[in-house]
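These protein sequence lines are chains A and B, in that order.
Take the first sequence: its letters are residues 173 to 426, numbered as in this note's numbering.
Take the second sequence: its letters are residues 753 to 1250, numbered as in this note's numbering.
Check before you lean on any hint, since a few could be wrong.
[Stated by the list, open to error] Have a look at the derived ranges for each label pair, beta carbon to beta carbon: (1) N1062(B) x V237(A): 34 to 44 angstroms; (2) D841(B) x V237(A): 17 to 27 angstroms; (3) W863(B) x V237(A): 50 to 60 angstroms; (4) L877(B) x A405(A): 43 to 53 angstroms; (5) Y340(A) x K839(B): 52 to 62 angstroms.
[Stated by the list, open to error] Derived list of chain A stretches under chain B, where covered just means 3 residues or more per stretch with a C-beta under 8 angstroms from a C-beta of chain B: (6) 271 to 280; (7) 307 to 315; (8) 332 to 346; (9) 404 to 411.
These are calculated hints, taken from the structure and not from any lab test.
Ideal Cβ positions, reconstructed from N, Cα and C, are used throughout, including at glycine.
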Amino acid sequence: MNKLIRGAAAALLILAGLAPAFAQDAAPDFRKLVETLDSIDDFTGSDFSGVFTIVTDKPGKRQEVTQVRMFRRDSKEQFLMLMLLPEASKGQGYLKEGDNFWFYDPTSRKFNHSSMKEALNDSEARNDDFKRKKTLEEYDIAKTGEGMVGKFPVWVIDLKAKTNDVSYDMVTIYVRKDRPLVLKQEDKSVNGRLMRTTLFPKYADVGKGKFFPSQMLIVDEINTGEKSQITMAELSVAKLPDKVFTKAFLEQTN
Amino acid sequence: MRKAVLILIFALLAAGAASAQDIQIITDEEALFGSADEMPVEGAAPPADGKTGDSLFSASEDELFQDEGVERIQSGAEGTAVAAFLKTDAVRIGGTFTGSVDSEWTWTDPWTVNADPLDPDAASLPTALSALVFFDARPEEDYRVYGSAKTGWPFADADGEPNIRVFELFSDFNWNDAVFLRFGKHTVKWGVGYFWSPADVLNLSAIDVEDPTAQREGPISLRAHFPVPGTQTNLWGYLLAPNVADASALEPADLAAAGKLEFLVGGWELGMGAFYQQDRAPKAIMTATGALGRFNLFGEAVLGWGSDTNLATDIEESASPPYITVSLGKIEDEPVFSGTGGFSWSESDWNLAVSGQYFFNGESYEDSDRKTLIASARDIQASPPAGSDAGLLATSIKGLIYGSGRHYAGLSVSKTELWTEDLSVSLLAIANLSDLSGMVAPTVSYELFERMTLRAGATFYWATDLLWGAGDDGEYVVVAGGPAVTLSLGASLGGGRF
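Chain A with its partners taken away, still in its complex shape:
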């Protein structure tokens, strides 16, 4: 279950992008572009909800399907996640507000509170997974260029870590030229070895000029054959009732 939670959390982080449309013909200010990509992970002013389905393939293993329902209110740093699948984890949930987390276990009907900075209690999901990214605090732009991802012209931005507190020392992102939408991300080790590739083939336009990825594919480049697909459904930026971000709601749903 812990891995499922972590996978879901990572997915939520990446999938939560909001992207105002913009046109870009000439080479942009790449620092500004990266900052824009960071800022699009911000739902301030609107709520967000959706159902995430994560399908994971590992060689020699049965395919794993995880499904979570997620509610967000960034203006108050509130977040609620409910496990829907697999059946063994159904009903487990996380409530977060600011630095405080509550994990609800329907089996024991207990809330476990934590405010740990580094990791969520009893799970592999890290607190950082839920925080807004500030890429330029962790990475320098090492190189920029142009290229194509499928039929899409893209800006190619190589990032190099400037701290040791990041998962990957080098990251290459491929950003659509016509909108600040990442189509592909390559995570690399310190010696440049490709560790993981993430593809973002579909985005959702939820109105109000906001977009975010509705499909994501993650390929483990080290363990051949390991890959995941994350899809989103029932997306909404409609206002959520205040009760959603309470222990009462977490308990009511399970």
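For this one, chain A is given, so just place chain B on it according to the hints.
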């Protein structure tokens, strides 16, 4: 007609097969993003042939967005995502099944030269076959009825009464989405302790230190929960019916009342509450959870006016079974403090989790009283009354010593995916620090395949007479019948949720 039925059956089977089929994950970039040879999207460099994409403007808006990998989503009205989720047309039925078989061999005093490792003093075959079945009905967004029942083998007791009991039965409803009510029999969330929770005076059963996360049985109660709007402050109020065999004898004055306020102070969640019931010691409680670095911390403090725990005040021999007369009393008309504190720590990269807790049980014996009482009991055991049953005497002494300490500690360490993904090890250690005795239980388990896990374990009971240790009078060796060692081999079979 017959043909139609066959077609229907075929269609159903086909549908079932499709739903059981794996989802194909496509990661080919051309398949996902199209080919560079295809019509480029806005912002692309002109194709090599120099033609411009006139067709771009002939496409419908939907096609255009589809081509660009962007789908339009219609957002619902306020709260629709929640309403659709909370209300269901069907009643959900589910549960858990537990199956396990263990073979256990116990040597009560294996550390002597006469002990025969091939001849255990006792052997047993603990077998678990049990299930919990629940229903969960949500006919309206704000109304839910939930019930669960438990059964297990043996399915009937010696009198032929079926081994089935209602574990939970309650309904959830609310007033204006502001006060959330639950009425019925349900587990109560009260304390924050892992192995021990002195603050939890509401649930009917204590925490099982060997299975601390198991759901506990709660009483019949009406609970009102008021989340203070705009905060994570919560106010909980309870009215509880005593757990009695004859419910018809209950009166309004028998109801217990409890309340608790939970609030955040920085990264700490504090709880303050009180419990009152006629003829029982009133209690004030405080709980705290938070973190320090990578350690999750928790603590409970309980201050009661007197205690409900029966303590032995004197032990004398008697001529009739059980050949010991124990005079009992309670602490009255004075404050009684109990408290606990603990931590949990985990490192997901190492698949390692550690939990530890210290417990001060102020409702138990003073160390000097406990020693005096045990000495009296031992004197009777050494010079038993004529015709007395030694076994019955020993059992009486075990009951006297069990849980008699004031200071306890527990530690749990577990590591999964040791060397291989399917191998796990764990260690559980519990100690009575008042008499320096305890138990240590290491376990190794291996998941043979899904829903079948093999395990091997040992339990060592120990005591010492060093420092302030009670030696042979230590709680854990007395309860185990000596410095016992139990070896076990077993398997979990087919357990899971459904």
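Status of the hints after comparison with the structure:
no. : hint                                   : in the structure
1   : N1062(B) x V237(A): 34 to 44 angstroms : 53 angstroms, violated
2   : D841(B) x V237(A): 17 to 27 angstroms  : 24 angstroms, holds
3   : W863(B) x V237(A): 50 to 60 angstroms  : 52 angstroms, holds
4   : L877(B) x A405(A): 43 to 53 angstroms  : 49 angstroms, holds
5   : Y340(A) x K839(B): 52 to 62 angstroms  : 43 angstroms, violated
6   : 271 to 280                             : holds (count 5)
7   : 307 to 315                             : violated (count 0)
8   : 332 to 346                             : violated (count 0)
9   : 404 to 411                             : holds (count 6)
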